[in-house]
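Chemist: The lines below spell out each chain.
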Amino acid sequence: MAKPKSWVLTDVEKNIWAETIFVGHEELGVPDCTVSKRTLRGGLRDGVDLVEVTNGDLSFSVLPTRGMGIWKGSYRGMSLGWNAPVKGPVNPKLVNLLDRGGLGWLQGFDEWIVRCGLDSNGAPGEDSVLDNNGNPITVNLTLHGKIANLPAHYVEIQADPDARTVSIIGQVDESALFCPGLRLKTTITTAPVSNRLTLVDEVSNLKAIPSELELLYHCNFGGPFLEGNSKLLAPIVEAAPRDSRAGEGIKAFDTYLPPTAGYIEQVYFYDLAEDRAHQTLAALRNASGDTAVVLRYNKSQMPCLTQWKNTAALKDGYVTGLEPGTNYPNKKRFERDKGRVPRIEPGKSYGCELTIEICSSREQVAAIEAEVAKLQAGVKPAIHQRPHPKFSQT
Amino acid sequence: MAKPKSWVLTDVEKNIWAETIFVGHEELGVPDCTVSKRTLRGGLRDGVDLVEVTNGDLSFSVLPTRGMGIWKGSYRGMSLGWNAPVKGPVNPKLVNLLDRGGLGWLQGFDEWIVRCGLDSNGAPGEDSVLDNNGNPITVNLTLHGKIANLPAHYVEIQADPDARTVSIIGQVDESALFCPGLRLKTTITTAPVSNRLTLVDEVSNLKAIPSELELLYHCNFGGPFLEGNSKLLAPIVEAAPRDSRAGEGIKAFDTYLPPTAGYIEQVYFYDLAEDRAHQTLAALRNASGDTAVVLRYNKSQMPCLTQWKNTAALKDGYVTGLEPGTNYPNKKRFERDKGRVPRIEPGKSYGCELTIEICSSREQVAAIEAEVAKLQAGVKPAIHQRPHPKFSQT
Amino acid sequence: MAKPKSWVLTDVEKNIWAETIFVGHEELGVPDCTVSKRTLRGGLRDGVDLVEVTNGDLSFSVLPTRGMGIWKGSYRGMSLGWNAPVKGPVNPKLVNLLDRGGLGWLQGFDEWIVRCGLDSNGAPGEDSVLDNNGNPITVNLTLHGKIANLPAHYVEIQADPDARTVSIIGQVDESALFCPGLRLKTTITTAPVSNRLTLVDEVSNLKAIPSELELLYHCNFGGPFLEGNSKLLAPIVEAAPRDSRAGEGIKAFDTYLPPTAGYIEQVYFYDLAEDRAHQTLAALRNASGDTAVVLRYNKSQMPCLTQWKNTAALKDGYVTGLEPGTNYPNKKRFERDKGRVPRIEPGKSYGCELTIEICSSREQVAAIEAEVAKLQAGVKPAIHQRPHPKFSQT
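Chains A, B and C supply the protein sequences, listed in that same order.
Going by the numbering used here, the letters in the first sequence line up with residues 1 to 394, in that order.
Going by the numbering used here, the letters in the second sequence line up with residues 1 to 394, in that order.
Going by the numbering used here, the letters in the third sequence line up with residues 1 to 394, in that order.
Just so you know, the hints here were simulated from the structure itself, not pulled from any lab data.
Even glycine gets a Cβ: it sits at the ideal position worked out from N, Cα and C.
A portion of the hints provided could be inaccurate.
Unchecked claim - Stretch by stretch, here's where chain B covers chain C in the computed footprint (C-beta under 8 Å, at least three residues): (1) 7–13; (2) 108–119; (3) 203–212.
What the hints assert, rightly or not - DSSO-like cross-link-like pairs, simulated, lysine-lysine; straight-line CA separation at most 30 Å: (4) A:LYS315 with B:LYS331; (5) A:LYS348 with A:LYS315; (6) B:LYS72 with C:LYS185.
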């Protein structure tokens with residue numbers, strides 16, 4: 001077995017930096033695939049690095065400058081992602097996380113897949129941390145944490161001609177003196193004409209003291225997957241609306257509205273069934289049932305699924321987020337109280353794996369529905385009509 | 001009539017980016033005019049784009065990186081602008097609007113003409129906005145809003161050989177999910193050996209829900225226009241000092257001091273007379289009356305004029321601002337209560353047009369004085385000696 | 001005597017900018033020395049300028065982008081600096097000083113020598129400043145001030161073949177309208193195979209009104225200088241622990257622990273003896289006494305010495321700071337009350353000079369010990385066992 005081929009694009013320790021690169025399928029040794037990298041210029045995107053991958057059917061772009069998030073994708077002409085009110089990708093230098101009462105993260109939010117974390121994610125809120133003197137101080141955690149606005153210090157293209165895979169590898173540190181020290185190592189992999197993309201992430205604690213982790217994958221979809229009467233497919237064990245606004249829509253929690261001017265977001269929290277290997281899935285199916293996007297992940301890694309319905313007008317951001325995570329995106333204090341904030345011991349790491357799969361035929365969608373049904377066999381979903389204290393502050 | 005010639009310098013959607021450009025008068029097809037663009041390096045200005053325009057007599061520089069503001073100008077050797085304590089232009093990446101209790105905007109403030117807005121301008125203050133859940137939250141609006149620290153995603157040079165004009169066109173978005181979505185489109189135009197510069201701005205609401213607008217043109221002048229015994233010329237209908245400090249100087253509101261160490265700013269709010277087409281003007285005339293700078297604008301677009309006197313020592317910023325706007329630069333809450341915050345319906349826009357004109361002879365200045373007198377004919381100005389509740393919080 | 005040779009790398013006023021430069025010893029006219037400059041790419045360091053100087057034995061790197069701080073050094077293979085949890089140098093565009101309750105400065109903190117100031121340094125805290133209206137407003141000063149996150153607008157290499165010295169000169173402004181206006185001019189000098197590095201700094205008040213100054217040199221050391229049983233050498237007249245935590249360690253204030261997981265910082269404040277020219281010194285000596293690093297400075301310029309012990313685990317930042325300054329790094333309000341905030345009159349400046357010297361033999365270390373002993377002759381150090389109101393809020 002030959003060693004994978006490697007192109008290091010960024011390695012700050014070794015002063016490696018590739019301004020632009022194009023690697024074709026012959027050079028990769030993997031048919032149908034190409035990888036390119038360039039730095040965007042102008043506007044909010046000035047200075048943002050973009051790594052573009054295609055496998056023939058599926059293409060996607062990775063943002064080293066924004067914590068190795070995935071900006072946009074497309075599969076056989078179908079758009080993966082959404083039309084955000086801000087036209088990004090936005091350079092973190094122009095994002096002030098503290099703005100608008102801790103909602104500044106929104107100024108940079110237009111990705112298809114964006115990680116929320118690592119020390120915290122979820123709603124802005126006060127938390128108690130230790131300062132340099134070891135004394136507890138109250139700080140204001142900002143929406144969805146820092147990781148999406150931190151640049152990668154290491155970026156590499158790997159191609160494995162034997163395994164016929166192409167991967168983008170990145171490392172991003174969220175670390176400072178007297179602060180948590182967490183390193184994200186991500187490997188984003190696809191294969192020739194595959195309808196799949198896999199993120200294998202490992203977050204390690206760089207410090208000699210234990211660290212907390214909150215990690216959530218904010219996977220966002222507009223059309224063609226999202227439309228009036230699109231449906232959420234998932235092997236639900238238990239579900240609850242986040243708040244009274246979401247409670248209003250609980251009867252139709254798994255069905256989506258068409259673009260609706262003035263719509264206020266509705267968020268639902270889920271506990272899903274899993275197989276013996278703890279694998280589970282959640283999918284967004286279009287109205288007619290001939291396309292869907294599927295998220296596969298491991299419930300032992302990410303026990304929580306959040307569904308964000310934001311079926312506002314197209315111009316205001318018509319989007320739904322399917323968000324597997326270590327926790328629900330409530331204030332960190334609440335999640336900690338509920339035991340949903342994992343702890344990473346010094347030198348240890350926490351792994352999360354997420355596969356995104358696109359179905360483009362009725363048969364594929366039916367197979368997903370069958371898979372969901374099988375996982376759910378014998379389970380009577382408990383659907384709370386109102387917010388439930390297990391899931392959210394009520 | 002031939003189509004105007006066009007050079008697109010930045011268009012992020014089309015991945016267009018011109019690192020540097022020089023377009024001479026022959027290429028423009030407009031005599032005496034040239035346009036050039038480069039990116040500044042080093043210090044606070046590192047990465048700031050500068051577009052320089054000359055028409056033979058008048059030259060000025062536009063800052064795409066700072067919301068299409070106008071950094072500096074000069075007319076027949078006279079400096080247009082002021083000597084700010086910060087030596088800019090300052091890259092927005094180094095400006096933290098939240099600093100110093102919401103006064104961080106000052107860290108980047110050294111322009112000749114800078115727009116304040118778009119969602120808000122004026123003094124920092126609490127306001128109530130809707131969060132993602134549709135619930136009102138209290139946020140701290142920062143001094144003079146965001147637009148001056150947002151980069152243009154589109155920049156174009158246009159030259160019209162038939163009309164003999166040269167324009168710089170730019171688009172800047174102030175938009176994000178759950179935030180206002182406003183787009184500024186500006187066209188900044190001059191003509192061969194003209195003493196005029198015109199800004200034609202259009203702010204459109206990108207969202208499907210109504211939006212508010214606060215837009216003010218902070219036009220700043222030091223010498224040679226500002227000096228001891230310089231005068232404000234304007235067809236005043238009503239005027240009031242902003243606060244008791246300004247009240248101290250109400251007897252001489254229209255006259256300026258020489259550089260005065262320790263001077264504390266005095267601000268006056270004006271309601272001006274207008275012609276039948278709603279056009280009005282305000283001017284700053286030097287002491288001897290042989291030079292002046294004139295602002296012409298439409299009162300139906302910008303009903304409010306603010307005069308900012310800051311005749312401090314030269315080193316501390318000897319400057320006056322003449323500031324036509326949709327509102328006075330009070331806290332937004334106050335202006336909203338007074339009905340001075342326009343609302344833009346979805347898909348609609350709000351236009352503002354401002355012409356700056358330089359007078360360099362006694363005759364030209366006298367003509368302006370006559371024009372002001374004519375507009376004011378029959379009007380007895382109401383000059384409030386103290387702050388008045390119509391204009392400011394008293 | 002020939003004029004020194006000069007290479008201007010940055011001068012924003014004259015549009016001078018050197019992307020990269022290498023000046024060898026022949027060109028410098030100074031044996032053994034070289035100077036080079038480049039801009040770092042990727043990760044947190046993207047866009048940071050680095051000026052590297054070697055003199056044959058001693059090398060160090062200056063950071064124009066970070067206020068002319070000194071990133072790292074090395075002397076005959078010994079590392080000068082420390083291993084910070086954040087891998088810098090960090091571009092200020094990614095540092096939000098307001099983060100984490102005013103502790104955001106830590107996100108960029110990994111330098112060997114970093115200036116804290118200029119308007120304020122020390123712990124975050126409320127202070128009263130005058131706003132544009134001349135009214136006192138309460139602002140939150142952030143940890144260690146702004147200067148380390150401001151870029152130089154002027155950078156020059158100077159070589160003096162006659163004096164056999166090489167200097168890096170830089171100017172950094174901390175200035176804005178209605179804010180203090182302070183200019184740092186630094187000259188960082190070394191000589192062929194010297195074990196010394198000298199910073200000659202001058203802070204001038206650019207404004208026409210008086211200004212305050214807080215300036216402290218945060219000089220940070222890990223191994224090989226810092227290890228278990230390393231010692232602080234200084235001619236102590238009086239010393240006090242900053243707080244009760246430091247009080248716990250007062251018996252061994254001058255001795256260091258090996259890396260100790262979970263260690264909470266201990267800070268001690270010192271008043272040192274001086275010679276007739278007001279010169280004093282402080283040193284960090286390794287356990288066996290064959291290496292040391294020495295700080296020499298003038299007590300009339302910097303009356304206060306702070307020792308920061310942070311002997312945490314290697315991964316958490318095993319480091320000590322020796323910090324001569326105009327003040328102790330308490331909240332500015334406290335220091336002002338104690339009369340330790342110098343005032344700079346308009347047009348005047350305040351000078352600080354600091355020499356760093358590396359001892360690499362038992363003889364050199366012994367000489368330093370003798371020098372300390374001589375300065376301390378006849379002085380019985382007053383070591384307060386508990387925090388003392390003269391030094392810190394108790």
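Chemist: Decide if the proposed pair is consistent with the structure: LYS348 of chain A and LYS315 of chain A, CA atoms, cutoff 30 Å inclusive.
Modeler: Measuring from Cα to Cα gives roughly 44 Å; hence the hint is violated.
Chemist: Holds or violated: the region 7–13 of chain C covered by chain B, criterion of 3 or more residues with Cβ-Cβ distance under 8 Å?
Modeler: Check passed, 4 qualifying residues.
Chemist: Report holds or violated for chain B covering the region 108–119 of chain C, Cβ cut-off 8 Å, minimum 3 residues.
Modeler: With 0 residues in contact (Cβ-Cβ under 8 Å with chain B), the coverage given for the region 108–119 of chain C is violated.
Chemist: Hey, LYS72 of chain B versus LYS185 of chain C, does the alpha-carbon distance stay inside 30 Å?
Modeler: holds, 27 Å
Chemist: Taking 8 Å as the C-beta cutoff, is the stated coverage of the region 203–212 of chain C by chain B satisfied by three or more residues?
Modeler: holds (count 4)
Chemist: Given the proposed pairing of LYS315 of chain A with LYS331 of chain B, does the C-alpha separation stay at or below 30 Å?
Modeler: Distance of about 29 Å is within 30 Å: holds.
Of the numbered hints stated above, those contradicted by the structure are hints 2 and 5, listed in ascending order.
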